[in-house]
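Take the given structure of chain A and dock chain B to it, following the hints.
In the order they appear, the protein sequences are chains A and B. First residue of the first sequence: 383, per this note's numbering; consecutive thereafter. First residue of the second sequence: 16, per this note's numbering; consecutive thereafter.
Everything labelled a hint here was simulated from the structure, so no lab data went into it. These numbers were taken from a predicted model, which means no experiment stands behind them. A virtual CB, placed ideally from N, CA and C, is assigned to each residue, including glycine. Warning: the hint list may mix true and false statements.
[Said to hold, decoys possible] Short, incomplete list of chain B residues facing chain A, as computed with Cβ under 8 Å:
1) 31
2) 50
3) 75
[Unchecked claim] Calculated lysine to any residue pairs in the SDA-like style (CA-CA distance at most 20 Å, straight line):
4) B:58 / A:399
5) B:23 / A:521
6) B:23 / A:524
7) B:23 / A:390
8) B:58 / A:414
9) B:23 / A:412
10) B:58 / A:487
11) B:23 / A:522
12) B:58 / A:403
13) B:58 / A:427
14) B:58 / A:412
15) B:23 / A:414
16) B:23 / A:496
17) B:23 / A:408
18) B:23 / A:465
19) A:427 / B:22
20) B:23 / A:466
21) B:58 / B:35
22) B:58 / A:396
23) A:473 / A:455
24) B:23 / A:416
[As the list claims (entries may be wrong)] For each label pair, taking beta carbons as the anchor points, the in silico distance ranges come out as:
25) A:439 / B:59: 49 to 57 Å
26) A:513 / B:16: 42 to 50 Å
27) B:71 / A:449: 49 to 57 Å
28) B:24 / A:454: 37 to 45 Å
29) B:19 / A:523: 18 to 26 Å
30) A:491 / B:64: 41 to 49 Å
31) A:452 / B:54: 46 to 54 Å
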Amino acid sequence: MSPRAACRLQTLGFTRVYDYVLGKADWLAYGLPTEGEQANVPRAKDLLRQDVATARVDERVSAVRQRVARSPYGFALVLAQDRTLLGRLGKAALEGNPDAAAQQVMEPGPSTVRPDRQLADLLEPMRTHNLQAMVVTTPQGRLLGVLRRDDAERRLAQAASPDR
Amino acid sequence: MATRIDLKRLQELLADGAQLIEVLPRAEYAEEHLPGAVSLPLKELDATTATTLDRTRPVVVYCWDGL
Chain A
383 MSPRAACRLQ TLGFTRVYDY VLGKADWLAY GLPTEGEQAN VPRAKDLLRQ DVATARVDER
443 VSAVRQRVAR SPYGFALVLA QDRTLLGRLG KAALEGNPDA AAQQVMEPGP STVRPDRQLA
503 DLLEPMRTHN LQAMVVTTPQ GRLLGVLRRD DAERRLAQAA SPDR
Chain B
16 MATRIDLKRL QELLADGAQL IEVLPRAEYA EEHLPGAVSL PLKELDATTA TTLDRTRPVV
76 VYCWDGL
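So that you can see chain A by itself, here it is in the shape it has in the complex (with noise of 0.2 Å):
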């Protein structure tokens, strides 16, 4: 629709005309703030915590085991030098080879959530699947935070009896 509504300027006599044709669900995707009736839902970016423990690729199992340890997840997720996020060092993996670096014991490609997404629409799959925790990142894969199940119910009930 963009590419039309630029052209159509054009003809109009308009010349410096843009056309940001990745759109509002680009900018909604980055958690970038918005106006309007919807703008104030809950949303996974009001909820975003930063104390999930992180490992570098070449980084070993033994040295991320400490961190996770002191997390409240049971699990690191392995980030690259811009924090794309690259994989995930689960039970096994941590309890495995010590000497092991993360890259090459870490599940690929975890699931991930864009921040913009509502909570409501992120408790369902939370509850059916029994996620305690989604990993929240950027388009590109870079990662934001981590949102957890309670925090969201509790907002989401908070919401609901705004007195309480």
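For chain B alone, coordinates are given in the frame of chain A:
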């Protein structure tokens, strides 16, 4: 053909005073839109409605995902 831009360039243009136009139907604009955007749906875009725009400033249009 208009210049296609990404998020970074959009933010630069907005910082420089560009006007931002959402061309989706008005109901979608009312639901949620980018900060500072004005609504000018594609179906209403003609010589008359375009007079609401400032010809001296760059114009950035967007919809949902460019389709």
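Of all the hints given earlier, name the ones this structure violates by number, lowest first. Failing hints, ascending: 1, 7, 8, 10, 13 and 14.
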